[in-house]
Amino acid sequence: MICDNKRLAELAVLVQGELVGDPEILIRGVADFDNAGEGEITFVADLKRGAMLDKCKASAIIVPTSLPEISIPAIRVRNPYLAVARIHALFVEKPFVANGIDARAVVGQDCRIPAEVAISPLVYLGNRVRLGQRVTLHPGVVVYDDAVIGDDVVLYANVTIGHHCQIGNRVIIHSGVVIGSDGFGYATDGNGRHIKRPQVGAVQIDDDVEIGANTCIDRATFGKTWVKRGTKIDNLVQLGHNVVIGEDTLLVAQVGVAGSVTTGNNVVIGGQVGIIGHIHLGDRVMVAAKSGVTKNLEPGAMVGGIPAIPQKNWLRSSAAYAKLPEMLRELRELQRKVAELTGVMEPGEDDSPGNNE
Amino acid sequence: MICDNKRLAELAVLVQGELVGDPEILIRGVADFDNAGEGEITFVADLKRGAMLDKCKASAIIVPTSLPEISIPAIRVRNPYLAVARIHALFVEKPFVANGIDARAVVGQDCRIPAEVAISPLVYLGNRVRLGQRVTLHPGVVVYDDAVIGDDVVLYANVTIGHHCQIGNRVIIHSGVVIGSDGFGYATDGNGRHIKRPQVGAVQIDDDVEIGANTCIDRATFGKTWVKRGTKIDNLVQLGHNVVIGEDTLLVAQVGVAGSVTTGNNVVIGGQVGIIGHIHLGDRVMVAAKSGVTKNLEPGAMVGGIPAIPQKNWLRSSAAYAKLPEMLRELRELQRKVAELTGVMEPGEDDSPGNNE
Amino acid sequence: MICDNKRLAELAVLVQGELVGDPEILIRGVADFDNAGEGEITFVADLKRGAMLDKCKASAIIVPTSLPEISIPAIRVRNPYLAVARIHALFVEKPFVANGIDARAVVGQDCRIPAEVAISPLVYLGNRVRLGQRVTLHPGVVVYDDAVIGDDVVLYANVTIGHHCQIGNRVIIHSGVVIGSDGFGYATDGNGRHIKRPQVGAVQIDDDVEIGANTCIDRATFGKTWVKRGTKIDNLVQLGHNVVIGEDTLLVAQVGVAGSVTTGNNVVIGGQVGIIGHIHLGDRVMVAAKSGVTKNLEPGAMVGGIPAIPQKNWLRSSAAYAKLPEMLRELRELQRKVAELTGVMEPGEDDSPGNNE
Chain A
1 MICDNKRLAE LAVLVQGELV GDPEILIRGV ADFDNAGEGE ITFVADLKRG AMLDKCKASA
61 IIVPTSLPEI SIPAIRVRNP YLAVARIHAL FVEKPFVANG IDARAVVGQD CRIPAEVAIS
121 PLVYLGNRVR LGQRVTLHPG VVVYDDAVIG DDVVLYANVT IGHHCQIGNR VIIHSGVVIG
181 SDGFGYATDG NGRHIKRPQV GAVQIDDDVE IGANTCIDRA TFGKTWVKRG TKIDNLVQLG
241 HNVVIGEDTL LVAQVGVAGS VTTGNNVVIG GQVGIIGHIH LGDRVMVAAK SGVTKNLEPG
301 AMVGGIPAIP QKNWLRSSAA YAKLPEMLRE LRELQRKVAE LTGVMEPGED DSPGNNE
Chain B
1 MICDNKRLAE LAVLVQGELV GDPEILIRGV ADFDNAGEGE ITFVADLKRG AMLDKCKASA
61 IIVPTSLPEI SIPAIRVRNP YLAVARIHAL FVEKPFVANG IDARAVVGQD CRIPAEVAIS
121 PLVYLGNRVR LGQRVTLHPG VVVYDDAVIG DDVVLYANVT IGHHCQIGNR VIIHSGVVIG
181 SDGFGYATDG NGRHIKRPQV GAVQIDDDVE IGANTCIDRA TFGKTWVKRG TKIDNLVQLG
241 HNVVIGEDTL LVAQVGVAGS VTTGNNVVIG GQVGIIGHIH LGDRVMVAAK SGVTKNLEPG
301 AMVGGIPAIP QKNWLRSSAA YAKLPEMLRE LRELQRKVAE LTGVMEPGED DSPGNNE
Chain C
1 MICDNKRLAE LAVLVQGELV GDPEILIRGV ADFDNAGEGE ITFVADLKRG AMLDKCKASA
61 IIVPTSLPEI SIPAIRVRNP YLAVARIHAL FVEKPFVANG IDARAVVGQD CRIPAEVAIS
121 PLVYLGNRVR LGQRVTLHPG VVVYDDAVIG DDVVLYANVT IGHHCQIGNR VIIHSGVVIG
181 SDGFGYATDG NGRHIKRPQV GAVQIDDDVE IGANTCIDRA TFGKTWVKRG TKIDNLVQLG
241 HNVVIGEDTL LVAQVGVAGS VTTGNNVVIG GQVGIIGHIH LGDRVMVAAK SGVTKNLEPG
301 AMVGGIPAIP QKNWLRSSAA YAKLPEMLRE LRELQRKVAE LTGVMEPGED DSPGNNE
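So the sequences go chain by chain: A, B and C.
For the first sequence, our numbering gives the first residue as 1, with consecutive numbering after it.
For the second sequence, our numbering gives the first residue as 1, with consecutive numbering after it.
For the third sequence, our numbering gives the first residue as 1, with consecutive numbering after it.
Calculated directly from the structure, the hints in this document are not laboratory data.
Every value quoted in this text rests on a predicted model; they were computed, and no experiment measured them.
Fair warning: there could be bad hints in the mix.
Stated by the list, open to error - Which chain A residues face chain B? A few, computed with CB under 10 angstroms, are given here:
id	residue
1	L14
2	D32
3	H163
4	M327
Unchecked claim - Pair by pair, the computed Cβ-Cβ distance ranges are:
id	chain 1	residue 1	chain 2	residue 2	range
5	A	H278	C	Q133	33 to 41 angstroms
6	B	D22	C	K295	50 to 58 angstroms
7	C	P114	A	H278	40 to 48 angstroms
Every residue gets a Cβ at the ideal spot worked out from N, C-alpha and C, and that includes glycine.
Could you build the full structure based on these sequences and the hints that come with them?
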């Protein structure tokens, strides 16, 4: 644990919560409900787990305001997840240690690197790279020529940042991420051969973005591929060339976004979703996991399915889908009955079973 | 080839098979049916290929016990794939060569490294890393502080093992795998901003697990993400935080498993499947490729589709799906006929077209 | 910009286009429509954007032959994308710089490396590696023993080339790609344990192939996994063992191809498609994004859906899918009406002998 113990009252103030019990209790860390013990604070996010409060061995607990009564020291808050995120960060965030540039790192020419950085062995920086204050580059990181990296950025092992790409402040990029690979752009000649279109744009990642392991973000054909402030991207996501992702957006693992898609802010894209090229998703759009989005979506739209339709309809259609064989059988049965009825009604007509065209 | 030639009789004993023909035939290796020649053993797994046995140029062949007759030297076994796996391993497994620690590797402080290891150039080990006997670390491997790696482990090029993660014995991890990246966990504040929840758990990989290239396994929020003994994971798979995968399970390429999913043993998950968070899949569950699993599954369940339903139903529903336009047309036709019939039966009723509700 | 300025007439000749306006105009580069200015050439690919030609500030423009009139200097061509690809390449292709082998690279024994190469720091070459002329290896590249790499190949940061794999001429491989990881092959014993089948084949990548970031191509069990001339593979694609991909084929991001699949030439596979093992896709097959292909496909087939069906049918079925709840409701309504009609018919039907079901 990094910081000193904190009084429960201090923590309550930090998260603007309502203190229950002894304000002087000392807390040294956060743990999950089942494992929290003496000196730790834990949390319950919903009322169901609230029923198990008598099993709690933590010194204090963060609970939702909706929880009726509580007999142990607690902080009541509207959003326990948010409160625990803030309190937990307080205990575990490590102060930056400026180890400087390890002698086994490779640094190109004309780089601008402040004194306050931590560059590991086996890092490679190209020429004219610019690093912000307190940048941490882990082993195996490769930053190509003319890239610019902001303050307080962490690049984990084996991350690649392409030439001329720009990374904002407080960005966290996990291992194996590739920023600035060429977009997938070809023109096909008369013989069916695919001629590479040069990809001369770059990638811009704005402040407070986090990018999960082995995700790929291609550089633009012209201009830039752009991920805006506060957006969080999970592992193994693919963003094509010239994509623009708005602010405070969540892209869950294995999402694929084709070229030139743009999104508004506060969008949520579920895992393994695919989005076809050149469309726009408005603010606050939500796409259910595994969907395939093929059309522009209005702000606030909630969609699901392949191709994606309004979420409500998709839930009904997918429920009906499970009944399709039954429907088919019933339809055939009805056809038979109706043919029979028709035969009865119109005795002069040919009643052979073949006339269902 | 590593080992000396083997007598056919020895190989038959190794796989508990029935020897057919000369026990003294010398075998020096395994090849596939079309390319096997003098001194090699090959195999047929099913009876169809058995019909082609006269084209076989190998010195011996592994065949299923169900194959009626065979005129060339052979080993009859219940499971030819299993027999060939064991015999092939005998010929190709290379003895460990203890090259020690290359001078161009980077080793942190207070590591515990036995003499019998092979650590390549350009490997990075953090502080307090513990390695087992006969560990092989290929170039570009990064092992963070306090990680523990068991005996006979092979980490291929550019693998990342996060801090405090634990790798069991005989684990094989292919290039580009990331173990221990942060889980995708955020709490959203009143302004729609996503606040990172610290991810302070670790990853534990048990004995005899194999993990395919560029797969990502996130560390737990608290506690551990856990892959149990004997499980095999293909390339580009995503396991979220706090996932627990049982023993002897197969996860085919590009599967995505959301946070806190748990599975039993001997589960098989087809390629590109997605599994929603916080559910449990019982022992021996089988999920068809590309499915989306949204609910707990009982032991032995076989499911498919998005959302996944019992496999039998899904096969029927997806067959019916192809007939949907036809069904829609026939339904409309029936409606027309029934309306007609109703009109004939109840001539006094309003025959306006609006009464199709 | 690398090359000198070019006269517009020269560019028109290069792309076999029809020159409109002053042939002596000097062009120094290519830019996109919105940003192109003095001295640059831009393009419009379709007539819609043609309507905006008066906003063009470029010195010249590439237009489709179908565009009726044009008042600014231009080159008319059948395929503007193709023309711009060729003209752009002329301006941006950098001449190879033979930096030789950096002293901080690691080179094994008995390698064959020409003088004209560019091997970065932190590259690792195993033993007996053979490199062609003008090969560029970026930092973090790992090439295992006995691999062979052709002329004019570029391997970006942290690419892994497995032992005995072969890479053709002019191949471009983006960061994080893994070529030659073991195929996912196991035999399951009587206790449900998965026994690894040795994967002793290799991977062969032919001339003019490009492979996107973090894509994985497994080595064959026996023989080779093979990507043929001119094929372009996007990011995060998975090719299983013994897959053979034909010439001039496009695999969009996150495609997964299971073991032993073979394809013809000029195939196009949309993003996130999955292809089941051991099937063949004929020449010019097109698979819609997110589909799951489960059967052999004839040359020229266009398919979509999970499982994939002819594209036309799939479009109709997926449109009908959105109406499924409505269809179910209408079916129930019809059943009710038909039951009613049958009830009306049956009590009085003493004289119709024919309706014996």
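Hint by hint, here is what the structure shows:
1. L14: Hint violated; L14/A Cβ to chain B Cβ min 13 angstroms, cut 10 angstroms.
2. D32: Because about 4 angstroms separates D32/A from the closest Cβ in chain B, which is inside the 10 angstroms limit, the hint holds.
3. H163: At 20 angstroms from the nearest chain B Cβ, H163/A fails the 10 angstroms test, so the hint is violated.
4. M327: Holds. Min distance 7 angstroms.
5. H278/A <-> Q133/C: 33 to 41 angstroms: 40 angstroms, holds
6. D22/B <-> K295/C: 50 to 58 angstroms: Because 43 angstroms falls outside the window, the suggested range is violated.
7. P114/C <-> H278/A: 40 to 48 angstroms: 44 angstroms, holds
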